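Engineer: Single-letter residue listing:
There are 2 protein chains.
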Amino acid sequence: MKRYVFLFEEAKGMSRFELGGKGYGIVEMVAAGLPVPPGLVITTEACKDYYKNGGEMPDGLMRQVREKIDELSRRVGKRFGDPKSPLIVSVRSGAPYSMPGMMDTILNLGVNDDVVRGLILSTGNERFVYDAYRRFIQMFGRVAMGVPGERFDRRLEELRERLGVKSDQDIPANELRGLIEEFKRVVRESTGRELPQDPWEQLELAVRAVFNSWNNPRAREYRRYYKISEDLGTAVNIQLMVFGNMGPDSGTGVGFTRDPSTGEKRLYGEYLSNAQGEDVVAGIRTPLSLDVLKGELREQLEEVARRLEQHFRDMQDFEFTVERGRLYILQSRNGKRTANAAVKIAVDMTEEKLITIEEALMRVSPYDLVHLLHRRLDPRVKVNPIAKGLNASPGVATGKVVFDVTEADQMSSRGEKVILVRPETTPEDIKGVIAAQGVLTSRGGMTSHAAVVARGMGKPAVVGCGEIRIEMESGYFVTNKGLKVNKGDVITIDGSTGNVFLGEVPTVEAELTTELRTLLKWADERRRLGVRANADTPEAARRAREFGAEGIGLCRTERMFNAPDRLPIVREMIMATTDDERRRALAKLYELQLRDFKEIFKVMRGLPVTVRLLDLPLHEFLPSESQLLVELHEISASGAPKAEIEKKEVMLKKVRQLQEHNPMLGHRGCRLAVSHPDIYKMQVRAILRAAIEVRREVGETVGVQIMIPQSVDSNELAHVKKVVEEAAEETFEELRERIDYKFGTMIETPRAALTASKIASVVEFFSFGTNDLTQTTFAFSRDDAEGKFLPIYLEKKILADNPFETIDREGVGRLVAIGTKEGKQANPRLEVGICGEHGGDPRSIYFFDEAGLDYVSCSPYRIPIARLAAAQASLQVKEVIPVTA
Amino acid sequence: MKRYVFLFEEAKGMSRFELGGKGYGIVEMVAAGLPVPPGLVITTEACKDYYKNGGEMPDGLMRQVREKIDELSRRVGKRFGDPKSPLIVSVRSGAPYSMPGMMDTILNLGVNDDVVRGLILSTGNERFVYDAYRRFIQMFGRVAMGVPGERFDRRLEELRERLGVKSDQDIPANELRGLIEEFKRVVRESTGRELPQDPWEQLELAVRAVFNSWNNPRAREYRRYYKISEDLGTAVNIQLMVFGNMGPDSGTGVGFTRDPSTGEKRLYGEYLSNAQGEDVVAGIRTPLSLDVLKGELREQLEEVARRLEQHFRDMQDFEFTVERGRLYILQSRNGKRTANAAVKIAVDMTEEKLITIEEALMRVSPYDLVHLLHRRLDPRVKVNPIAKGLNASPGVATGKVVFDVTEADQMSSRGEKVILVRPETTPEDIKGVIAAQGVLTSRGGMTSHAAVVARGMGKPAVVGCGEIRIEMESGYFVTNKGLKVNKGDVITIDGSTGNVFLGEVPTVEAELTTELRTLLKWADERRRLGVRANADTPEAARRAREFGAEGIGLCRTERMFNAPDRLPIVREMIMATTDDERRRALAKLYELQLRDFKEIFKVMRGLPVTVRLLDLPLHEFLPSESQLLVELHEISASGAPKAEIEKKEVMLKKVRQLQEHNPMLGHRGCRLAVSHPDIYKMQVRAILRAAIEVRREVGETVGVQIMIPQSVDSNELAHVKKVVEEAAEETFEELRERIDYKFGTMIETPRAALTASKIASVVEFFSFGTNDLTQTTFAFSRDDAEGKFLPIYLEKKILADNPFETIDREGVGRLVAIGTKEGKQANPRLEVGICGEHGGDPRSIYFFDEAGLDYVSCSPYRIPIARLAAAQASLQVKEVIPVTA
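Chains as they are written, first to last, in the numbering used here: chain S, 30 to 914; chain V, 30 to 914.
There could be a bad hint or two in this list.
Unchecked claim - Distance windows between CB atoms, simulated:
(1) V:619 to S:670: 51 to 59 Å
(2) S:724 to V:258: 45 to 53 Å
(3) S:812 to V:85: 53 to 61 Å
What the hints assert, rightly or not - Here are the simulated DMTMM-like pairs of lysine to aspartate or glutamate, each with C-alpha atoms no more than 25 Å apart in a straight line:
(4) V:817 to S:540
(5) V:817 to S:766
(6) V:682 to S:812
(7) V:683 to S:726
(8) S:113 to S:278
(9) V:682 to V:610
(10) S:671 to V:839
(11) S:750 to S:726
(12) V:825 to S:839
(13) V:751 to S:830
(14) S:751 to V:500
(15) S:825 to V:839
(16) V:825 to S:766
(17) V:825 to S:100
(18) V:853 to S:839
(19) S:825 to V:675
(20) V:750 to S:830
Simulated from the structure, these hints should not be mistaken for laboratory data. Keep in mind it's a predicted model, so treat the numbers as computed, not measured. Glycine included, each C-beta is placed from N, C-alpha and C at the ideal position.
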């Protein structure tokens with residue numbers, strides 16, 4: 030017989046996976062001697078077996094629970110259903126990874142009609158007792174018996190209206206007694222069953238409800254978003270109730286041992302007197318900040334915070350209840366935090382000697398850094414906010430106002446940027462938050478649902494913004510200055526200050542904080558992988574260098590061809606009918622490219638720069654056939670001169686001649702160099718001349734790496750190498766000066782990876798082009814897939830991740846591993862990098878480290894992410910560290 | 030010091046690769062005691078070293094030659110330059126694989142002014158001696174000294190005109206003496222050098238010329254066509270001259286031990302009296318058929334033929350010369366033959382116990398069978414030929430008349446079918462023969478250049494058609510009935526009968542000969558690989574079955590959707606705006622598909638049939654955007670009713686919505702089934718119902734295999750499997766009858782191959798779709814590549830073969846090998862086949878056998894080829910057997 034149930038003090042040393050996060054925290058606190066109400070935990074194993082059994086309670090589970098409850102009864106002198114000394118417990122879910130608000134909890138379990146009577150006698154607090162009972166019925170009815178929550182809410186609301194009171198606290202005891210009867214009727218009418226009076230029956234139903242809540246739709250949505258496994262299951266914590274709602278000397282609150290928004294080392298949190306825990310989380314009454322709390326309770330909380338950090342060696346998020354002046358800690362867990370705070374806390378704790386540098390590096394999720402590197406409001410621009418709320422999650426977001434969650438989701442999937450505006454958010458709204466750029470709420474505090482969830486996703490949020498009044502039905506909100514903002518209007522929110530602006534507000538680049546610089550320096554000291562940038566412009570190159578890039582791993586030359594001032598010349602070259610015309614166009618492009626390269630090389634001097642020669646098929650530089658057809662019809666209709674029409678017709682002919690069925694698999698990359706070597710020669714001459722001239726001008730130049738796209742075969746590369754060498758020799762003779770350069774290739778076709786050992790003998794470096802390699806390995810055209818079938822594949826879980834974001838280890842990754850291993854075996858001096866978008870994705874970076882690559886190259890904004898992820902890779906991280914905020 | 034030179038009798042046991050084909054044949058004949066003029070052979074090694082040295086004679090080569098010539102001199106009592114007893118030799122090329130007429134030969138080497146004088150004294154035959162000398166100058170001047178051949182030809186022609194004679198034989202001795210002086214002057218004026226008088230100098234220049242001829246353009250073209258390695262080099266044979274031009278009791282000829290056109294066992298060949306060998310090959314004088322040769326020479330030739338076959342154990346093609354009544358065999362080699370003859374000879378020789386069944390199977394190149402399976406003239410159609418010539422190479426060809434080789438090449442590369450019509454062909458015309466569907470010449474015999482080359486390529490040829498007169502310059506030919514046929518007119522030639530027809534003549538399917546059936550039966554008994562057909566129609570299925578297919582490995586359903594009567598319904602389905610409309614369209618398609626499948630299943634009953642569900646993206650069934658744009662403009666301009674315009678506009682919108690950047694990598698195959706399961710369900714229901722109904726109707730049905738295209742992942746297949754199972758269960762319930770079926774997938778994306786071990790656990794069979802797999806592995810869109818850059822890649826030898834024709838072992842093949850091995854490891858009962866075009870390509874079939882596949886599937890016409898190639902694969906053939914004809 031499996032053992033599923035443990036008293037808290039019996040479970041010491043068991044893992045988070047067995048006990049769930051909440052149970053683990055409690056067990057640890059009990060062991061550390063913190064004031065925790067006693068109780069027991071049902072392990073996640075029971076939940077997993079429950080699902081294995083197809084929703085049947087595992088054998089012997091409830092018997093084990095009863096034995097442990099009996100032990101608990103003996104220790105605390107209270108028993109289920111005993112009117113004189115009733116045992117009253119909370120039943121809470123607790124999954125291995127925190128999923129705030131996603132699963133269910135039942136408080137005050139054990140209360141029934143008899144207990145109510147006894148409690149009134151023993152406490153003399155009739156109101157409290159009735160309030161506890163109606164809360165129990167409300168929660169139990171909804172969670173364990175499936176009564177729609179609003180049926181209770183409506184009754185409560187009607188009662189408040191009838192009495193003319195605002196808060197539930199103002200409802201007198203006798204009215205609550207009547208409400209209880211009404212609630213019981215609601216239960217009866219909704220379910221056809223009576224509210225169970227037997228606490229044991231209540232308990233079994235509650236445990237079942239918690240198990241079921243693991244699989245509710247919002248919990249599954251949350252796990253999908255955060256990539257949490259479906260197989261973990263939840264534990265159940267059954268804990269002696271303590272009551273924060275026993276009067277003004279009671280209360281409940283949440284605390285953070287450090288500021289979860291900034292990381293500052295100070296007690297942070299909120300307290301609500303005469304309330305139960307759910308009141309705080311639900312964000313219905315705005316609580317008191319711990320900052321203004323004084324006296325003994327504050328001192329006790331400070332001491333608890335210190336002991337929690339010493340014990341858990343991380344910032345803690347804890348719940349506490351004060352029952353008639355006595356403090357209890359109900360749970361503690363590693364506190365979610367903003368990316369900024371995560372970095373600061375990791376670095377501070379290292380400096381406090383609480384954790385090691387290695388631990389600090391593991392404390393920050395690289396995905397988090399994304400948020401730190403985003404833009405902030407341009408300080409030079411003075412715009413007045415239209416409203417101000419709480420700065421719940423930092424960052425700036427701009428988008429169209431939308432009130433409805435489904436609408437937000439639809440607009441976002443059409444590519445529109447939206448800001449979700451709601452009085453408050455609930456777990457049901459998670460889809461809308463995912464879809465939105467940011468969230469604005471008029472109610473709730475820093476620990477309200479909206480705030481917690483937005484921080485978790487690194488999305489800007491302004492919450493509790495009482496200065497706006499939201500008229501959801503009518504589709505607008507009004508500020509306290511009378512400004513009306515309609516659905517669809519664009520607003521900007523600044524989650525770092527709490528300001529709300531009308532329209533789009535200019536932003537500037539982020540800067541790295543001191544703590545982040547420290548953390549990244551530590552990362553640099555520990556990583557094996559090099560980190561380079563994908564950058565095509567001097568500005569991007571500059572930014573990459575600031576962010577710590579060790580070179581440019583991919584400088585695309587397409588943009589240089591596509592710029593509005595170049596395109597006409599490129600078209601001249603394509604449309605040339607004589608060699609002479611063609612040469613003249615190429616000569617012009619040469620001058621322009623020379624200038625481009627010189628600028629970039631100056632910025633990057635001292636570092637390697639890999640320039641990829643032209644990859645695009647020529648027709649990409651011409652208008653499309655249907656565009657030309659439409660234009661032709663228009664100018665013919667408007668009676669344009671014949672010469673103009675003829676010119677268009679010539680172009681149409683050329684477009685048709687160059688047209689391809691599948692341009693992605695067409696006449697492009699080095700295939701173009703085989704048929705039209707002139708273009709590559711022009712580019713090579715411009716690159717090498719630029720490098721030499723930069724050396725002459727500033728005394729230092731870059732390490733030139735010339736990279737050939739789309740190769741499939743060593744013969745092909747040998748052929749193109751000759752073309753490159755000829756152009757190089759021409760340049761060296763012309764300038765009477767030589768320069769070293771490396772010749773290499775993208776590995777972006779499956780065949781190149783599969784024949785890497787031969788290719789490696791012709792080149793000095795590989796750079797995996799995992800974007801194209803993913804397209805060909807899957808036979809998925811990214812342009813077509815992401816708009817059409819890929820979302821369905823992700824939704825149906827046919828694919829766990831979008832392979833264009835996170836490397837597909839089994840398919841594409843296998844080719845990368847084969848190519849790297851066999852390439853290096855054939856040519857031990859071969860340098861191997863990756864310059865697809867995966868180069869900036871942490872989980873992909875762990876893979877590239879494992880596969881033995883030398884460096885990753887990614888967009889400038891992802892450089893810090895890559896530095897950190899590369900360090901974590903060196904520390905043998907295999908799976909990504911869950912986002913911390 | 031390497032040994033390069035061997036007397037014939039010293040070289041016994043050396044290989045064809047060292048001695049070349051001609052040298053090998055001579056050495057073997059010497060060993061077998063046949064009457065061969067003595068001589069020596071310079072090995073191919075010398076030629077290879079010559080090229081390694083950059084065109085310098087290898088060290089010591091000429092010294093070794095001199096030593097062996099001295100030995101020869103001692104044996105025959107003749108010495109170079111000795112007027113009394115001069116040594117006169119032929120110098121012939123001889124590559125390991127025969128390249129008829131492609132390389133150079135020099136006869137009568139050793140003749141000079143002194144020798145001429147001496148010879149006239151000793152032979153008393155002034156005319157013969159002068160003729161020999163002028164022939165020598167003519168050949169030596171052209172081949173070894175680079176004098177343009179027509180300069181000699183013109184002088185000769187002028188002389189004939191002046192004398193008013195038709196044949197060179199009619200030129201009297203004194204005129205020949207004058208001609209010799211003229212020829213010497215031509216040499217002097219063309220080269221600035223005198224004709225060398227020293228035979229040793231002549232010899233060195235001749236050897237050099239033979240080496241050089243290995244690399245002449247037409248030899249290289251020939252090797253490219255026949256896929257002969259560039260690295261083999263040629264040997265040089267130096268052999269004592271015997272003279273067929275010493276008078277009426279002399280002559281020269283070529284013989285075949287069996288009929289090279291039909292394979293019949295009878296002496297076959299031609300004889301030209303008082304001539305040297307070159308006269309026969311050049312096809313200038315029409316020789317006498319050996320059929321009409323009588324007397325002692327015929328008997329001697331019959332005896333020689335018998336001994337040759339006994340020795341070489343294959344049909345021989347031999348050259349002989351009769352010098353003053355004495356027969357010499359100059360060379361013997363395996364005779365080229367038509368495909369038909371190859372089969373017959375292989376089977377006959379097996380039955381004669383000359384060779385084993387295994388040898389017989391190796392004697393026929395599977396590529397040859399292509400020609401046997403082609404169509405022949407419909408015997409029911411009576412058309413009168415416009416002319417009749419020699420039936421030099423069997424088969425029927427239709428095309429436009431073209432006289433110019435370059436024009437033929439150009440027209441063919443534009444996709445036009447042409448018949449090359451020439452008075453005769455020369456090695457320079459090879460490009461035109463390659464380009465043409467067939468060849469028609471007015472001169473030359475069965476062993477003329479045109480005949481030999483056309484047979485070699487398996488192209489129909491009618492030669493020596495004296496009934497037509499060709500006016501090349503004016504661009505027409507005239508038949509002896511006065512019919513004028515212009516350039517560009519369509520004619521049909523039947524190489525099996527020698528008939529020439531005007532216009533296109535109807536043809537019928539080929540039938541397998543008894544011998545071919547025997548050979549294929551032997552092949553079937555020895556092959557491991559199964560052979561199935563790609564067939565989408567009942568007709569194709571019937572043909573496949575006749576040709577020995579063991580099932581259908583690929584039945585595409587695209588054609589069923591694309592047929593003119595179906596397309597409107599398919600469009601209805603795509604354009605449906607309500608579920609109901611869509612269902613109605615699908616129901617119609619269901620009925621049509623049901624009928625299609627029933628017909629095919631009836632034909633194939635008792636055998637497995639693999640049906641591939643719809644693969645194409647939906648937009649392929651709609652008109653293109655530009656087509657619709659043009660149509661819209663047209664109907665708007667013509668004032669069409671609004672409703673019609675609107676309908677087009679709706680379709681344009683749909684087309685734009687479905688449009689893809691890269692349809693090949695788009696929303697197609699099973700991706701379509703994931704998003705639109707209805708179509709696959711309809712197809713599965715039609716397939717299974719058809720199978721059950723066929724069983725009910727004829728008592729037997731097919732082994733149904735349902736195949737999913739374009740898969741990338743095991744989850745995806747598990748998902749589609751559910752869709753298939755649902756449709757299957759529906760059908761079984763509806764019909765109250767079940768049927769077994771197999772569920773499998775194409776492996777046509779690299780990822781599917783790379784994750785085969787997982788996929789194998791979800792399916793019962795794999796079928797490699799090597800067409801698509803080649804496209805994605807190379808990132809080559811076939812449609813784009815073959816028209817644009819692939820020809821350049823083949824021409825520049827970046828790729829040795831077109832990977833869409835012959836499997837790319839290193840890249841695509843590696844994926845096939847990985848997929849097969851890992852798939853079978855994971856699921857030992859997995860059935861693995863291949864249904865790309867490579868399934869009918871012999872070299873690819875050898876690979877698939879090696880890689881452990883279970884069967885190949887190919888077009889019906891390729892079934893016999895695949896059967897033979899599969900047997901050869903089982904006999905461990907790695908490289909293809911050179912075509913025999």
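Engineer: Check the hint pairing residue 750 of chain S with residue 726 of chain S against an upper bound of 25 Å on the C-alpha distance.
Structural biologist: At roughly 29 Å apart (the allowed maximum being 25 Å), residue 726 of chain S and residue 750 of chain S break the hint.
Engineer: Can the restraint linking residue 683 of chain V and residue 726 of chain S be considered satisfied, given a maximum Cα separation of 25 Å?
Structural biologist: violated (58 Å)
Engineer: With the threshold set at 25 Å, check whether the alpha-carbon distance from residue 671 of chain S to residue 839 of chain V stays at or below it.
Structural biologist: violated (54 Å)
Engineer: Between residue 751 of chain V and residue 830 of chain S, is the straight-line Cα distance small enough, at 25 Å or below?
Structural biologist: holds (22 Å)
Engineer: Is the straight-line distance between the alpha-carbon of residue 682 of chain V and that of residue 812 of chain S 25 Å or less?
Structural biologist: holds (19 Å)
Engineer: Given the hint that residue 825 of chain V pairs with residue 766 of chain S, test it: the Cα-Cα distance must not exceed 25 Å.
Structural biologist: The given pair, whose Cα atoms are some 32 Å apart, is violated under the 25 Å limit.
Engineer: Tell me if the straight-line CA distance from residue 682 of chain V to residue 610 of chain V falls inside 25 Å.
Structural biologist: holds (18 Å)
Engineer: Is the Cα-Cα distance between residue 825 of chain S and residue 839 of chain V 25 Å or less?
Structural biologist: violated (36 Å)
Engineer: Would the pair residue 825 of chain S and residue 675 of chain V pass a check requiring their Cα atoms to be no farther apart than 25 Å?
Structural biologist: Violated: residue 825 of chain S and residue 675 of chain V sit about 37 Å apart, past 25 Å.
Engineer: Given the hint of 45 to 53 Å, check if residue 724 of chain S and residue 258 of chain V actually sit that far apart at their C-beta atoms.
Structural biologist: holds (48 Å)
Engineer: Hey, residue 825 of chain V versus residue 100 of chain S, does the alpha-carbon distance stay inside 25 Å?
Structural biologist: Violated, because 86 Å separates the two Cα atoms, which is more than 25 Å.
Engineer: Checking one constraint from the list: CA of residue 750 of chain V to CA of residue 830 of chain S, max 25 Å. Satisfied?
Structural biologist: Answer holds: residue 750 of chain V to residue 830 of chain S is near 22 Å, not above 25 Å.
The structure does not agree with the numbered hints 4, 5, 7, 10, 11, 12, 14, 15, 16, 17, 19 stated previously, though it agrees with the rest.
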